[in-house]
Structures are given as structure tokens and as C-alpha cells.
Amino acid sequence: MRHIISILLENESGALSRVAGLFSARAYNIESLSVAPTDDPSLSRMTIVTTGTDEIIEQISKQLNKLVDVVKLIDMTADVHIERELMLIKVSATDGERDEVKRLVDIFNGRVIDVTDTTYTIEITGNGEKLNAFMEALSSITIVEVVRSGLIGIGRGEKSSLS
Amino acid sequence: MELTGAEIIIQSLKAEGVEHVFGYPGGAVLHIYDAFYKQDDVQHILVRHEQGATHAADGYARATGKPGVVLVTSGPGATNAVTGIATAYMDSIPMVVITGQVPKHLIGNDAFQEVDSVGITRPVVKHNFLIGDVKDIATVFKKAFYVATTGRPGPVVIDIPKDITAAKYEFHYPSEIKMRSYHPTVKGHIGQIKRATELILSAERPMIYTGGGVILSNASEQLTSFAQKLGYPITNTLMGLGAYPANDKQFLGMLGMHGTYEANMGMHHCDVLIAIGARFDDRVTGNLEKFCPDAKIVHIDVDPASISKNVRVDIPIVGEVSQVLDDFLKVLDSGKKEPNVSALEKWWAQIEEWRSQDCLKYDRASELVKPQYVIEQLHEITKGDAFVTSDVGQHQMWAAQYYGFNKPRRWINSGGLGTMGFGLPAAIGVQLAYPDETVVCITGEASIQMCIQELSTCKQYGLPVKIICLNNGYMGMVRQWQEFFYEKRYAMSYFDALPDFVALTESYGHKGIQIANPADVRGALEEALGRKDELVFMDFLTDRTENVYPMIPAGAGLNEMILV
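The listed protein sequences correspond, in order, to chains A and B.
Sequential numbering from 1 applies to the first sequence in this note's numbering.
Sequential numbering from 1 applies to the second sequence in this note's numbering.
Just to be clear, a hint being listed does not mean it is correct.
[What the hints assert, rightly or not] Partial chain A-side listing against chain B, Cβ under 7 angstroms, derived:
1) Glu10
2) Ala20
3) Ala27
4) Glu31
5) Lys62
6) Gln63
7) Lys66
8) Val71
[As the list claims (entries may be wrong)] In silico PhoX-like cross-links for lysine-lysine, where the CA-CA straight-line distance does not exceed 25 angstroms:
9) A/Lys62 / B/Lys336
10) B/Lys187 / B/Lys330
11) B/Lys249 / B/Lys14
12) B/Lys187 / B/Lys14
13) B/Lys229 / B/Lys330
14) B/Lys346 / B/Lys229
15) B/Lys336 / B/Lys346
16) B/Lys229 / B/Lys296
17) B/Lys135 / A/Lys62
18) B/Lys194 / B/Lys309
19) B/Lys407 / A/Lys72
20) B/Lys142 / B/Lys38
21) B/Lys187 / B/Lys168
22) B/Lys66 / B/Lys187
23) A/Lys66 / B/Lys66
24) B/Lys187 / B/Lys336
25) B/Lys168 / B/Lys38
26) A/Lys62 / B/Lys296
27) B/Lys383 / B/Lys330
28) B/Lys142 / B/Lys194
29) B/Lys187 / B/Lys249
30) B/Lys309 / A/Lys72
31) B/Lys488 / B/Lys511
32) B/Lys511 / B/Lys383
33) A/Lys66 / B/Lys407
34) A/Lys66 / B/Lys309
35) B/Lys383 / B/Lys168
36) A/Lys72 / B/Lys178
37) B/Lys194 / B/Lys407
38) A/Lys72 / B/Lys142
39) B/Lys532 / A/Lys66
40) B/Lys309 / B/Lys249
Note that these hints are calculated values from the structure, not bench results.
Ideal Cβ positions, reconstructed from N, Cα and C, are used throughout, including at glycine.
Extracted from the complex, chain A is given alone in its bound form (with noise of 0.2 angstroms):
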């Protein structure tokens, strides 16, 4: 099963390839991985996303826990969560494709935010399952790009994950 995995980090150089190397070493699947300094700068916050089995996920936590640069470690999959990803999507956009680009960019609350002769650059952001609904909505049109961003999540409510 697919688990979102939030870290906090402590924001120094090694962290990342310590978490990057753990899963490596220990075989584990890494599908997205998502990392940038929080309003704490000395506090990284990072987002896996994995799948695995319970056991897996169980092994996956307490290992990353054991890391000496984890300071917090939550798997956003077991509480209600918003997850989000960014997606930057360059297409092809002639005279004939435009209104039909444009027209998709609407209905997926997305933005065109760069324009040429021949193409459209989107942004769109929301859950993965939009943004692959996005792109096969997109079926007869000519796909020049795709950079995603990687999942990143926080749960509702009033509580924070740092308390």
C-alpha cells in the first residue's frame, strides 16, 4: 500500500543522503521524494512517498526514526490529510489544438503560464490522480514536457505536525 511519509530534518548537509541511502541500502521503494527548509531554517521537511507491505512500512519508519537527523517522523496516510503536487507540463498548442488546451487547463483549475507559437506551458496543481487525469485528458495532444514536483502533504485540522 502507498504511504506518505513526512519528515523533519535537521536541515544539514548528509541529511538527505542519509535518508536517500537508507532506502537504497535496505531495498526499499522510494516513488517521490520532496525536500525544502521549513520556517524553522535549521529544520528541513521532507515527504516520501513509498509502498510496501505493513511490515515494510513498520520497518520503514522505525529506521528512518533511528536516524540521528530525524527529528519528527509522521506517515500522513494514517490521519486525514491534504496531500498536494506541483506539476509544470509543456505541450503542444497550434492553431488548432489552442482552444482545446485552453479549455482542459480551465476545467483542471490549472494556468497556462508561459506561451509560444506552438506551445503552452501549464502549471496545475492537486492530488497525483488529478494530475494523471490531466495528462490523459490531454490524449490528442502532443506532450513536449512533464516536471512534477513530488507529493507533499499536511494534515487537517488545527493540529500541527511539529507539536
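Use these hints to put chain B onto chain A, whose structure you have.
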């Protein structure tokens, strides 16, 4: 007063109570060596190869419980140390390894003797640091020793660029350290301990299975009280030998691939398994699907990640083994429930039947020197009280099976990583820690050659280690597997160019003897052990085709042993 980074390092080591540092100089650590030269508080032990330094520090740590400290230079100094760091990591040995690094401005430039030491060691350390500023040295050392020695212990590497060892800063060693991201659990959950006690007392066929965690936690006394209060059978892993006295009748010997028949059968048929400071290693469990089919399992371990990693457990207890056992003893004393005596009687009768197989028997009438006999004689002469280090292979298994350790921290071997070349340098560390004790290195003619250069270190520091080389002219364990599983195709397991070990030892300035006749074994051991101030290399020419029995073939269950 401002000190140089190098001086701060020495002062930090002093503040940690470090007496010996095992190392080898080189360009990137010359400032540190210069600082060593100017003081007498911390003794530097010069080895002959960086691998030897790490194993010596490791042996010191295993025998004393104090962290071993290593100092090596950048590049090849650091890479040579990696095997020893990994060895310590696999067996959870507290160690602090200082590696020199090229000056900061050269990092990433492919400078002379530059290697990414933090990157290379990352998967085999508990944690590592690259120091970026002279101001951080004292704090990093404090953290390094704290992390290495608390929770589940392990090696910590500190990488220090050369320019930082020359820079100056005020020395202030922190008396305490708090790390927001590191809080090892010490106390076990009392509710879980009570639940576990209920289960343990309801057992009809109980087994206590303990590992290196008991030794690391100095919990051997508590374990002995716990086992004796209950009257339950107990087995130790290879790493756990000595935690419970081998000469006690409740002790069933080692378990696992080359464990005793009674220990493995007891494991297989038990209804409650009490695992303490052990991690269900594959050499212990055999085929996981066939492991302890009828047992409810209690598992005590300081590392939550060890729990339910290989085997699902019913009652996990995370905590320092010594403290958890203290709590168990209190709960047992305060409760009214007693062990089930009639069920235990039946269980012990069954165990005695297994024990009567005498699975460690061997041909005592042989005209060849039997390796088992050498170990048994060593046990008799030293009364099971020597420090015994070993290398890896058949001799290691025979030492574990036949020596009979009655005290913890006497059996020093590389269990997890299985590092050939460990035994001699480890003996150096042990002998330095205990100059007046008998320290024996049990080895083979293959393993000893992997770090034989350390004979020179022994000479330099007058270390009277006794080396028992069980020389069968083969990499014995490899040969055994080739005999059993590769239709006797002995690929590369035979040395046809062995050195004359007696002459070799003597060229290093030590005493060497060769023994080829069983009748001479006892006398040779007595003579060698009697030479208190001298290293003696005993080259025992043993039965070349002797195998380690009993044995669980890979993939089999604990009840599927091959007996002799």
C-alpha cells in the same frame, strides 16, 4: 586560552576519559599527531594497518564496555578503516573514529588523499560528522561519544579537515549535551513488562534466548537471576556467550546454525520464547517459516527497529536490557504466581533427552590433532576465564562451542560482519585494557594472514597475546561448504604456499612453536600460557578434514540439524 583544533581534540579525548587511541599517521592528521607528541595523558598505539587500528579499538571496547577510539588519515587511511567500522557497526560496538580530511578549500577537488569519508562510511556508522569550523570540535566530540555509547551503541566517525586542526579557538568541553533528534529509550514500558510476566509464568515449554545486547548492557547478573528465578532453559547466540555461565545446568549452549541440538530443538518446540537483546539473525533462526512454530514471543531490545524485523513478536518491550530485567525481577518478586512446576519437569526431561545426544562429541582417539580438543584443553587450563578473541570460520565455531564462557566480555569475535583478520588486532585492544590477564587469539592459518602485520604492534608494546592457530591448510569453513554443497569441488579454498609460521613469528621477535601430535597439545598450551611476558604463536597442525557439527543447512528449520 586559545588552543589549536588539534589540541582541542586531545583535550576532548581527555575529557571523555580516553586512555588509548589506536591509529596510524598521515598528511591530513599531522597537526593532531604533533599535539599527541606534546602530551602524555592519552596514549597513542601505533598499528601497522588502519584495519588493525579499528579492530584493536573494537576489541578494547568489547572487553571493557568503554568506547574504542581510532585516529587515521584521509583517503586510504579512512578506506582501510572501513572494514573495522563495519565490523563494529554490525555488532553494535561503541567506537569513535577520527579521520583526517584534506583542507576545507580542497574538498571536492580530487585533492591528494581525498576521499568522501562521510559518504563512504555513512551506511556502516551509527552517525557521522564532517567538522566545518574549529568552534564545533568540542561539541561534535561530545555528541560523538554520547551517540556512540547510548541506546544501541555503534561506531561514530568524525571527519576533520586539516586546516581546522590548525585553527585556534577557546576550549570549552560541554558537560552535557541535548540533541532534539536523538532520544534513546531506556526504561521499558511497565504495562508491557507485567503482561509479559503473565505470559512467561504461564509457559509450559519456555525458552530464554539471549544475544549480544545483554553483554552490551552489562546485564549478565540480572539475566542470571532472572533465568534462575524461573528455572527456565537458556541459550545464547554467538554474540551473547558469557552472559550466562556456560557451566550452569540451565544453559543449553549456543543456538543457531552450529548451535547445540538441545538448544535448537528447545527453540523449535517451545511455547513461550523470551528473546533478550537478540535480533533474530538468519544464522540463528534458520528458515523463518519454520521458526518456533508454536511459540508466543516476548522480545526485549533497546532498538525498536530490531523488533518484528524478521519475526513477528507478541509482546515487544523497548528499553535498555539491564533496566528492563531489573523491572522484571521486581514484578516477579512482587507477584504471587509461580512457574508451572509440573510442566517444567516434563519439559526438562525432554530437554535432557535431547542433551543426551551429546551433539558435540568427536573422535577423541584420533591420531591427528583435533581442533575441538585444543579448545577443550585451553578451557581446562584457563578455567574458562581467559579473554578469547577469534577470527572467522571453523575455528571461531569450535571456540564458541567448546570454550565454555562463564563471564561476559570474555568472548570477542566478529559475529555480524564475519570479518577475517579481526582476532589478532582485537587481542591487542584487549591486552592493552587488561595487561595482566590471559588473552588468547584463536585463529586459523587463513584468517591470521589477513592482519598478521599486527605481530609487529605486539612487539612494540610488549603485548603477550597467545595465538592458537588451528592450521588445517584450508579455509576450513569454505572447504566444509564445498564438501557438503558443491560435491567436494574445493575451489580456491586450499593454500599451497603457506608461510612457516614459527619462523615468521620469530622474525617479528616473538616465540613460535608447532604442534603436530595430540599428545603434545596440553604441554604446549601449558608452556605457552606460562610465558607471561611473551607472545607465543602456537601452530597446531590439525586434522585437515574435520568439520563443524552439528549443523543446520541453509534454508532448513532449527529441528532439521545434521548431527555428526
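| query | Does the structure break any of the earlier hints, and which numbers would those be? | reply | 2, 3, 4, 9, 11, 12, 17, 19, 21, 27, 28, 29, 31, 33, 35, 37, 39, 40
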